[in-house]
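Number of protein chains: 2
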Amino acid sequence: MSKSTNVNPDLQREREKCSFNITELTNLLDGGPQMTEERRRREATVLNEGIHIEEVPSEYLSHKEKYELAVKKACLLFKLIRRLQEEENTGMESFRAVLGGTLGAAILQDGSPLTLHYVMFIPTIMGQATVEQQAYWIGRAFNLDIVGTYAQTELGHGTFIRGLETTATYDPKTKEFVLHSPTLTAYKWWPGGLAHTANYCIVMAQLYTNGQCHGIHPFIVQLRDEETHMPLPGIKVGEIGAKLGMNGTNNGFLGFEHVRIPREHMLMKNSQVLEDGTYVKSPSSKLTYGTMMFVRVVIVKDMCNYIAKAVTIATRYSAVRRQSQPKPDEPEPQIIDYLTQQHKLMVGIATAHAFQLSAEWIWNMYNNVTAELDAGDMERLPELHALSCCLKAVTTADAAECVERCRLACGGHGYMLASNLPITYGHVTAACTYEGENTVLLLQTARYLVKAWQQSSGGNELPPTVAYLSRVGAGRRSPPWDNTIEGIIRGFEVVAAGKIGLCVMNIERRQKSGLSYEDAWNMTSVQLTQASEAHCRVFILTSYFEETERLVKNASPELREVLLQLVDLYVVYWALQRVGDLLRFTSISERDIEKLQHWYEDLLTKLRPNAVGLVDAFDLRDEILHSALGAYDGRVYERLMEEALKSPLNAEPVNQSFHKYLKPFMQGKL
Amino acid sequence: MSKSTNVNPDLQREREKCSFNITELTNLLDGGPQMTEERRRREATVLNEGIHIEEVPSEYLSHKEKYELAVKKACLLFKLIRRLQEEENTGMESFRAVLGGTLGAAILQDGSPLTLHYVMFIPTIMGQATVEQQAYWIGRAFNLDIVGTYAQTELGHGTFIRGLETTATYDPKTKEFVLHSPTLTAYKWWPGGLAHTANYCIVMAQLYTNGQCHGIHPFIVQLRDEETHMPLPGIKVGEIGAKLGMNGTNNGFLGFEHVRIPREHMLMKNSQVLEDGTYVKSPSSKLTYGTMMFVRVVIVKDMCNYIAKAVTIATRYSAVRRQSQPKPDEPEPQIIDYLTQQHKLMVGIATAHAFQLSAEWIWNMYNNVTAELDAGDMERLPELHALSCCLKAVTTADAAECVERCRLACGGHGYMLASNLPITYGHVTAACTYEGENTVLLLQTARYLVKAWQQSSGGNELPPTVAYLSRVGAGRRSPPWDNTIEGIIRGFEVVAAGKIGLCVMNIERRQKSGLSYEDAWNMTSVQLTQASEAHCRVFILTSYFEETERLVKNASPELREVLLQLVDLYVVYWALQRVGDLLRFTSISERDIEKLQHWYEDLLTKLRPNAVGLVDAFDLRDEILHSALGAYDGRVYERLMEEALKSPLNAEPVNQSFHKYLKPFMQGKL
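So the protein lines, in turn, are chains Z and U. Its first residue numbered 1, the first sequence is counted upward by one per residue in the working numbering. Its first residue numbered 671, the second sequence is counted upward by one per residue in the working numbering.
These aren't lab readings, by the way, just hints derived from the structure by calculation. In this text the structure is predicted, and so the values were computed from the model without any measurement.
Facing chain U, from chain Z, some residues (calculated, C-beta under 7 Å):
(1) L184
(2) Q323
(3) L408
(4) L583
Derived DSS-like pairs: lysine-lysine, alpha-carbon spacing no greater than 25 Å straight-line:
(5) U:K1182 with U:K1121
(6) U:K906 with Z:K663
(7) Z:K72 with U:K1339
(8) U:K1330 with Z:K79
(9) U:K1333 with Z:K79
(10) Z:K269 with Z:K175
(11) U:K997 with Z:K512
(12) U:K1330 with Z:K72
(13) U:K742 with Z:K660
(14) U:K1265 with Z:K512
(15) Z:K451 with Z:K512
(16) U:K1316 with Z:K72
(17) Z:K663 with U:K742
(18) U:K1182 with Z:K606
(19) U:K1316 with Z:K236
(20) U:K1339 with Z:K79
(21) Z:K646 with U:K906
(22) Z:K660 with U:K749
The beta-carbon is built from N, C-alpha and C at its ideal position, and this holds for glycine as well.
With the hints as extra help, turn the sequences into a complete structure.
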């Protein structure tokens, strides 16, 4: 925490009236005091290096300069990580500690062209190369003799992996694979670091051998000369152009003109091509699910961080900003005193908690399932997959909404890049698309839910996260409405079950009317995405509620009270957001709804005095927030002016365009 | 329409199966064939100048270069407008024709530093200066002897105008006003063109004379030397820094250190300060409402344009993009064949129509009310004000959602700036904040609605746009549900009335429990914003439905059918979005809801074959769409690659950062 001596008095007053111990909450969110200690020490070590300090803020640079700055920062940061690895002898752990969470992102604001080397290139070799291949490649990759990336998506093909067009055809005469891009749409498109940074790449391509296609397999391909960095013959590589955000990631395109690589460059831990071209199939095709699910769990954790950041910025700003005069003769109130503003902020704070606890829950499940997998038990894999799909979709969509709501809650100043809210949104909204587009993911979960529903109707027992389907089952409106938190969560179970049931009915009805299953599915797919979302709400509400109940057992009474208020707020908020669903599928009454509304307004008022304390507890250093509106000291206006003065346009009183265009124009001489 | 010979065959097929005449719809949207003709001629004239063509796309430039490009473009565009004015002898009409709508925005992608000169500086002089002042200033401004802007908002003060801090103190000894910024928060902040472009400015400041404050008044202040463009003594001027979007607008800050201006520089059409310092009050304070409302109506029209643009891009892309393989042995379908995709696109098309017709309706009302005002009749002013507030809030929020939904519907490619969707979002979301922050505006409408409700309860007759409050009044659930378009719209009236009634009840209840009216209002304000939005929905649904019914009377049967389908889609979509409200306040049943859902799905299927025809009818030239994904010819992938190759990073095979950072880093020598 960066404490300034000169704190805005309104913000100071907020901190004084906080009812709980802020450090206690920080420790709880970190997972214990020693974890807080460790995180803070790590942050101090890394930030003391000053890699994050920009001479000219990167938003004023050209696209090309942004890339060059990103390379510089990434090299310095990874150099630091290597040093830490040696000093602390921690191996990959140092990467996770520095790059995971908010710290790495604070330094690599615009993304980094080296991230995929560590996050995809090395792990893919570790996961899919044979022992001999690993011996050859891993050391070179770790030592950075080579810099790699991972190329799967193509210009014309994203989500549907089977549709990829790049081919790798085995030539038994030379014992080589020939990589080729048969069309423009076959060009690889998007991989980070691919454009001008990486000299090697893992390429996913359709494997052809002995005239037969065996589907998508991974190959290591050299792209650039190791000395000169010039693209090798037959390699068409470049960058894909400017994006909404993350312009430091150096996303690239890659096309092949009959490029030959040795047979040994196919990663053969699973499937193999023998010297004579014989294809030996992988024993299981589900083994690659693991990384995908791991990445999705990481995304959920990222979403907590982004929300925490945005809501810290907006809440502190709302305590400093004053506006209007509802009562004559009284000063302009802090805008956080407006209920509409509390409505925009408080649910953000609760969402950060809810997602963190949901992420921990699914993280544990992931570890259990992985352990079971290693023991050959794949039973819970589909359940985990279904859960990770909808959770990724719902948390990224909610996070985008939260961050954007926070930005808009800061009025015009939220539109300034100096607020750091637009850039945060750029990162969050990207997550709605990458690693599985959200609508596609919701439909994957829906497929599992429909199956579970049918199994349940068939009298089969269901896995834990869908067990409620059997419990609340077919009977609509059956249980009397219970206007408590537990009652609302049970209500959401009834809603989810009701929606899934309705989807199944609609699909069957459409099949009976003559449609194929696929067409009936498609016609019902809008409803299916909604059913899938409803299922995910059940999971988030349940895990947030249950995990908080568990956590607060050891908390002080003051903290317990506020954490439970936040859970209440979150659950009641969602009940009001989904009141139509509750009215359709449960026996909630108009009187219950009006009570919920008052409960909600009452909770906002109760949480209001603790708002700043709650965001302080996220313990995000000023360097991590990187926001003129959100700094710990609340010197909002001073910082906005300081940031403005950094604009290169302000370095000269008169810009050259005056002489070049404006004056001639005014004089009619242009 | 820019027709290429080489159209993507999928897109070609879409056009062939369109059931209606596209030109007929274009004419109808334009207001007649001669209007289409005129617009096209205007577009051709302006675009032939080539001002919009960028050597290097502006997204690759530095912040400073972006400004310089914006000045150049703005000067060239306004020079062209001057030429057209002379050639066609049209006066201000040429400005509106070129700058209004989509044409000006297509050239000034990033906003323009000269816009406020025309949109605020000149109109304010025209509206608030005396005849003598106009004689002096208007000519100079029109001739561009001076370039001006308009400064109201301050660093610490936005919506609440009475809170502005800048002072203008009259000194009768010298017959001057002294302009001063007493604090940092008093600095003017945001005005477009203020930073480095304008040399004059209208400044809104607290007028002090004879020791008394008389509130906010307008003053003309010279900022820069007319020859050298250097800031004058006591003037602190500069730019506020980079923003989410519109980085060509040159938004500036402005502080005064006891800057003296002649008495004649106060705009005195309304209030005056006499030589001896005597203050003479304006006869009416409502006269300035006009411009504010005018601007809001213009915003609604802008929102149509942005939505039309985004939905054209996303729909054409969805016809070209193919993905997945739901049925084995069949090719990957066009993604527009997925119901979930239709769900994202079709409501956007309908929204553009709905907003256009709502904008026309309120435009007519605005003109009537202005005419009444001129005749001294102010009766409908509050009603118009209330309607313009909520309509600005709801249409900007809906437009932001529509545009973002379109962007996400294009997957990863929507994240590319080459799609033009991120930049479009940047413009639209800005409108949620400027010219009245949306939550504040909704609460202004709510204040009117509460008053109307109380008048109605008192038996008074209500103005037309709120007359439904008396009609559906207090009785809840009274009329039997009618599952038709008219029935749904009546249902929305019941909802809005129910919500307003509930708000009034809650405010009164809270007052009875001891709260002041202001606190009771604040505690109910979340509900009040929702009531206000519900009222706005009634207006939009009604005007869209009624105006379409009127319009299609003269349309061909084919066009009539599809336009009515779109109205149905829009109304049913909103019924399903607001099903909770309908269940709470009307007698709609679960069976009705399921019917609505099927009706909706059925409408999507019916509209599907006409999707491309419908967006073609918006008749947005490729130069206006400015999108690799949305061009008329559908050469999506070719254009994406062409755009990528324009990146300056792709001009060199090896970027200097390799030698400077990456290679030393890899060799452990960094």
